[in-house]
Amino acid sequence: MAVLARNRPEVLIDIAAMHIRGYRRVALHPLGSLDDHAYILEDAGVTTLLIEPTPIYVQRALTLIDRVESLRQILTFGPVPSELSNVATDIVAHAALFRSEPLVAASLPPRHVTSLVYTGGTTGCPKGVQLTAQSYFTMTTIQLAEWEWPDRPQFLSCTPLSHAGAAFVTPVMVKGGTLFLLPKFDVADVLETIEKKRITAMMLVPSMIYALLDHPDLRTRDVSSLETIYYGASAINPTRLDEAIDRFGPKFAQFYGQSEAPMAITYLPMDKHQGRRRTSCGRPTQFSRCAILGEDGEPVRQGEVGEICVRGPLLSDGYWNQPQITQDTFRDGWLHTGDLAHEDQDGYWYIVDRIKDMIVTGGFNVFPREVEDVVSEHPAVEQVCVVGTPDDKWGEAVTAVIVLRSSAHRDDGFINVLTSEIQAAVRDRKGPVHSPKRVVVMDAIPLTGLGKPDKKAIRRVLESATPAKQFANNAPCER
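Residues 1 to 479 in UniProt numbering are what the sequence shown lists, from first letter to last.
Note that these hints are calculated values from the structure, not bench results. Treat the hints with caution; some may be incorrect.
Claimed, not checked - With a cut-off of at most 20 Å between alpha-carbon atoms, the simulated DMTMM-like pairs for lysine to aspartate or glutamate come out as follows:
id, residue 1, residue 2
1, Lys437, Asp357
2, Lys437, Asp412
3, Lys197, Glu146
4, Lys437, Asp346
5, Lys251, Asp151
6, Lys196, Asp222
7, Lys251, Asp271
8, Lys430, Glu304
9, Lys197, Asp186
10, Lys196, Asp151
11, Lys430, Glu396
12, Lys184, Glu52
13, Lys272, Glu227
14, Lys184, Asp151
15, Lys356, Glu463
16, Lys430, Glu370
17, Lys184, Asp217
18, Lys272, Asp296
19, Lys456, Glu396
20, Lys452, Asp186
21, Lys184, Glu10
22, Lys197, Asp217
23, Lys175, Glu146
24, Lys356, Glu370
25, Lys196, Asp217
26, Lys272, Glu146
27, Lys356, Asp296
28, Lys272, Asp346
29, Lys251, Glu396
Note that the structure is a prediction, hence the values are computed from the model and not measured.
Between the sequences and the hints, there should be enough to build the whole structure, so can you do that?
In structure tokens form, the structure reads like this:
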């Protein structure tokens with residue numbers, strides 16, 4: 001069964017019921033495209049689609065039931081709209097027909113696949129990650145054993161339950177806490193809910209943290225009840241993290257994982273966010289074996305860059321209907337994450353970038369994260385994303401895409417000076433190879449549905465761009 005809905009209490013009930021019964025669940029991102037939804041349903045062979053009966057999802061369901069051969073049934077969270085009267089059933093009304101029974105959880109073998117989690121698809125068609133009963137059990141055990149939690153947490157869920165937001169449901173319930181749901185991330189609503197419900201914990205992606213910091217309501221709302229703010233999913237701007245700690249206090253805890261090893265590869269506690277260590281993803285968790293391996297499959301020396309690899313019960317069972325990709329990614333018992341990192345003398349890991357995002361310029365390797373960390377320190381820069389763009393001379397040119405703070409000037413003279421300052425700062429800190437050949441100003445950095453910078457979309461924009469003087473107001477301005 002697949003679910004297409006924004007955050008709402010019925011989704012929590014569905015998640016719990018599917019886990020208790022051991023049924024296989026596929027969550028569709030509420031902002032996903034029609035093509036992505038159709039591909040996922042077809043690939044997973046979904047027979048039943050459960051939707052929130054809002055106009056946009058009703059129309060999506062009508063299109064999908066005609067397009068996806070395996071799809072035979074539509075269920076709704078609430079009254080069935082007239083458009084779906086011939087094919088849909090109100091699951092809430094139908095539940096009233098059942099007599100209550102003793103709650104008995106299914107006995108599942110460790111490798112029983114309980115859900116298919118589809119990757120973002122930024123490198124091609126989404127892949128269905130097979131998460132097992134063992135994966136979920138291990139993830140939740142790590143969260144409860146190693147993460148910092150308020151007593152009986154008042155947890156605000158404002159990220160999609162179709163993805164990482166759902167990973168907090170079981171720990172909060174086990175801790176005797178309360179979940180508060182917002183249907184979507186809206187900064188004003190988030191701040192109001194924190195104040196009125198005395199929220200003690202929440203999870204955000206970096207772009208959401210930036211949005212909170214930049215919203216005028218943050219100056220007037222009481223957010224003192226917050227005890228823990230978990231963050232992850234993409235690299236955070238160190239300068240903006242410092243701002244967040246100054247505003248909220250030392251309440252930030254970072255988790256690192258990926259769909260194939262969810263949420264809990266490493267963890268950086270709240271009290272370790274000082275100095276350079278605040279750019280670390282933390283130390284490996286205790287319930288998995290983690291290593292930084294070189295191309296030869298052997299551990300690299302301390303301080304050297306290698307690929308983060310993971311083995312143990314946290315791992316998924318490969319990709320649905322993708323044996324070759326599974327074989328390529330899960331080699332010699334290790335999940336090869338595709339993330340490059342190095343370790344310091346105290347065992348803290350620092351992710352430098354994705355292997356696929358590494359820039360090769362003039363025969364030298366440049367990790368975008370290293371450039372981004374320097375550029376982000378400029379007082380006029382609100383956000384930055386560094387990518388490689390085709391260049392006849394260098395092969396790839398280091399290109400810094402930035403969003404300016406609202407207080408920054410936007411005239412040509414200022415942008416020219418800003419560009420020179422950014423290039424000089426990177427050259428002084430990292431060397432001339434790392435210094436951006438191009439600095440591009442955008443109104444906003446494109447994000448994936450999960451709130452990560454969409455580097456594929458950024459490259460498309462840059463490759464299609466015309467000279468700066470011809471750009472419209474919403475287009476990037478290169479200097």
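Outcome of the hint check:
1. Lys437 to Asp357: At roughly 17 Å apart (the allowed maximum being 20 Å), Asp357 and Lys437 satisfy the hint.
2. Lys437 to Asp412: Holds, at about 18 Å.
3. Lys197 to Glu146: violated (26 Å)
4. Lys437 to Asp346: violated (35 Å)
5. Lys251 to Asp151: holds (14 Å)
6. Lys196 to Asp222: With Cα atoms ~9 Å apart, Lys196 and Asp222 stay inside 20 Å; holds.
7. Lys251 to Asp271: At roughly 8 Å apart (the allowed maximum being 20 Å), Asp271 and Lys251 satisfy the hint.
8. Lys430 to Glu304: holds (16 Å)
9. Lys197 to Asp186: Status holds; Cα separation ~16 Å.
10. Lys196 to Asp151: Given that 20 Å is the threshold and the Cα spacing comes to 19 Å, the pair holds.
11. Lys430 to Glu396: holds (17 Å)
12. Lys184 to Glu52: Answer holds: Lys184 to Glu52 is near 14 Å, not above 20 Å.
13. Lys272 to Glu227: Holds, because 15 Å separates the two Cα atoms, which is no more than 20 Å.
14. Lys184 to Asp151: Roughly 26 Å separates the two Cα atoms, so the pair is violated.
15. Lys356 to Glu463: Holds. Lys356 to Glu463 sits at ~18 Å (cutoff 20 Å).
16. Lys430 to Glu370: Distance ~8 Å between Lys430 and Glu370 Cα, so the pair holds.
17. Lys184 to Asp217: holds (18 Å)
18. Lys272 to Asp296: Violated, at roughly 32 Å.
19. Lys456 to Glu396: The given pair, whose Cα atoms are some 15 Å apart, holds under the 20 Å limit.
20. Lys452 to Asp186: With a Cα-Cα distance of about 17 Å, the restraint between Lys452 and Asp186 holds, given a limit of 20 Å.
21. Lys184 to Glu10: Status holds; Cα separation ~15 Å.
22. Lys197 to Asp217: holds (16 Å)
23. Lys175 to Glu146: Holds - the C-alpha atoms of Glu146 and Lys175 are around 13 Å apart, at most 20 Å.
24. Lys356 to Glu370: holds (15 Å)
25. Lys196 to Asp217: Holds: Lys196 and Asp217 sit about 14 Å apart, inside 20 Å.
26. Lys272 to Glu146: Holds - the C-alpha atoms of Glu146 and Lys272 are around 14 Å apart, at most 20 Å.
27. Lys356 to Asp296: Holds: Lys356 and Asp296 sit about 18 Å apart, inside 20 Å.
28. Lys272 to Asp346: holds (12 Å)
29. Lys251 to Glu396: Given that 20 Å is the threshold and the Cα spacing comes to 39 Å, the pair is violated.
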